[in-house]
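Residue numbering for the sequence shown follows our numbering, starting at 539 and increasing by one per position.
Quick caveat, the hints were computed from the structure, so don't treat them as lab data.
For each residue, glycine too, the CB sits at the ideal point set by N, CA and C.
Computed spacing ranges between beta-carbons, pair by pair: (1) Leu669 / Gly633: 39 to 49 Å; (2) Leu669 / Ser917: 44 to 54 Å; (3) Asp938 / Pro778: 45 to 55 Å; (4) Lys631 / Pro677: 39 to 49 Å.
For lysine-lysine, the following DSBU-like pairs were computed, each having C-alpha atoms within a straight-line distance of at most 30 Å: (5) Lys547 / Lys631; (6) Lys545 / Lys737; (7) Lys737 / Lys631; (8) Lys624 / Lys547; (9) Lys624 / Lys608; (10) Lys737 / Lys547; (11) Lys720 / Lys866; (12) Lys650 / Lys624; (13) Lys706 / Lys720; (14) Lys650 / Lys706; (15) Lys545 / Lys624; (16) Lys826 / Lys547.
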Amino acid sequence: MKSDELKGKRLAVFGANNVVDEVTDFAHRHGIVLISVGNVPEAPIHQVSDEQYYMDCTDEAAMLRFFKEKHIDGLLSCSGEMVIRKTVGFIGKTGFHYYATPEQWDVLMNKKHFKEACLRYGMPAIPAFRLEDTAIPYPVIVKPVDNGGSFGITVCHSRTEMEEAIAKAIRHSTVGEYLCEKFIEGPYFQFEIWRQNGKSYFPYTKGRVFYDAIGTSPQQPFLDLYPSPEADIISRLYEPMSHLFDDLGIDNGSCMFQGIICDGVPYIMDTAFRLSGGMDFRVVHEDKGIDLVACYMQHALTGQFGDDFSALSEPLHSRYATICIGLKNGHITRIKGIDDVRQLPFVYSLYQYYYEGDTMQYSGLFLQVLCRIFVRANSRQELQSNINTILGLIEVEGTDGNSLLRNYPNKY
Numbered sequence: 539m540k541s542d543e544l545k546g547k548r549l550a551v552f553g554a555n556n557v558v559d560e561v562t563d564f565a566h567r568h569g570i571v572l573i574s575v576g577n578v579p580e581a582p583i584h585q586v587s588d589e590q591y592y593m594d595c596t597d598e599a600a601m602l603r604f605f606k607e608k609h610i611d612g613l614l615s616c617s618g619e620m621v622i623r624k625t626v627g628f629i630g631k632t633g634f635h636y637y638a639t640p641e642q643w644d645v646l647m648n649k650k651h652f653k654e655a656c657l658r659y660g661m662p663a664i665p666a667f668r669l670e671d672t673a674i675p676y677p678v679i680v681k682p683v684d685n686g687g688s689f690g691i692t693v694c695h696s697r698t699e700m701e702e703a704i705a706k707a708i709r710h711s712t713v714g715e716y717l718c719e720k721f722i723e724g725p726y727f728q729f730e731i732w733r734q735n736g737k738s739y740f741p742y743t744k745g746r747v748f749y750d751a752i753g754t755s756p757q758q759p760f761l762d763l764y765p766s767p768e769a770d771i772i773s774r775l776y777e778p779m780s781h782l783f784d785d786l787g788i789d790n791g792s793c794m795f796q797g798i799i800c801d802g803v804p805y806i807m808d809t810a811f812r813l814s815g816g817m818d819f820r821v822v823h824e825d826k827g828i829d830l831v832a833c834y835m836q837h838a839l840t841g842q843f844g845d846d847f848s849a850l851s852e853p854l855h856s857r858y859a860t861i862c863i864g865l866k867n868g869h870i871t872r873i874k875g876i877d878d879v880r881q882l883p884f885v886y887s888l889y890q891y892y893y894e895g896d897t898m899q900y901s902g903l904f905l906q907v908l909c910r911i912f913v914r915a916n917s918r919q920e921l922q923s924n925i926n927t928i929l930g931l932i933e934v935e936g937t938d939g940n941s942l943l944r945n946y947p948n949k950y
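From just these sequences and the hints, can you work out the full model?
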């Protein structure tokens with residue numbers, strides 16, 4: 539794509555805090571004017587944008603006026619799911635190019651509706667229950683139908699726990715609904731579908747190693763490993779998933795799917811019809827040279843979702859891991875080793891969420907991560923060695939001088 543096609547275009551940005559590097563790099567290379575919108579002044583995107591507006595980006599009337607008055611050419615919305623859901627609701631009134639409609643979002647991001655779609659298209663679905671059912675085979679997992687990041691999710695072993703979990707799930711749901719499913723165990727899997735002009739691509743698969751669960755919250759990631767050793771089983775979902783996207787009319791965009799393989803059956807448990815918080819797009823960019831964030835920006839301003847996607851049809855060329863350094867709750871007084879890790883030749887990216895002086899209060903949840911470290915290798919053994927080197931360098935201390943690092947799993 540020629541840079542002059544985008545030069546001077548005015549792109550409004552909601553959120554995008556974990557993709558600031560990708561957003562600013564593409565904008566600077568193509569002369570795009572970045573206009574950040576959001577009511578949190580310290581948000582990272584506000585620190586690097588060309589224009590900053592401290593507004594509630596979920597206020598439809600205000601946003602529609604704002605887009606017109608500020609001559610906005612397109613919108614990149616990378617906030618949490620609740621904000622994106624609001625965006626999807628009013629974006630059709632702007633004339634902007636956008637990857638999702640309310641109907642598409644509702645099928646893919648409402649867990650109950652997605653489960654129904656899986657059954658229609660011949661994909662496995664985990665058995666579900668309601669509180670009024672008489673014979674519930676505990677344990678079960680209760681979650682909001684429309685929220686991610688582990689918020690409002692509880693593993694239950696009794697009816698009393700289930701009642702409390704349902705109330706919590708409803709509080710964390712935009713639409714006030716919950717989903718209760720049989721709690722199953724097995725190898726974790728994840729994959730994504732990327733769509734370009736109505737054609738499907740499946741750029742990666744991954745497995746995962748988890749920290750031990752804390753309380754009734756689900757386990758949180760320690761290591762993401764690419765490709766998944768269960769890639770053949772996962773690939774059974776590609777054809778029916780592609781048909782679902784065809785019928786939904788999704789021409790461009792991406793969606794993440796994660797689940798568990800139980801008795802050889804791949805069950806999808808969660809979806810993300812957006813740029814995922816796990817930042818898997820950095821793995822694809824490193825391996826294939828295709829930047830998913832840039833694709834979304836290009837699409838927002840031109841309607842074209844990236845350029846040549848043919849490389850996405852090939853397997854990954856290397857082994858990759860993403861290390862999630864999990865923390866215990868407490869005030870962070872000292873962090874050691876991050877700069878040394880950045881300099882390692884096999885670390886191609888690192889994203890840090892917390893710094894000295896911050897307080898961790900989300901231990902046991904998705905937000906417990908000090909940083910994500912992106913690692914490559916030529917073999918599984920080399921990857922293991924690289925991971926061990928990194929873990930030996932990082933130290934985090936709390937106010938009492940004790941380590942705030944969560945205990946790493948023994949086997950990975």
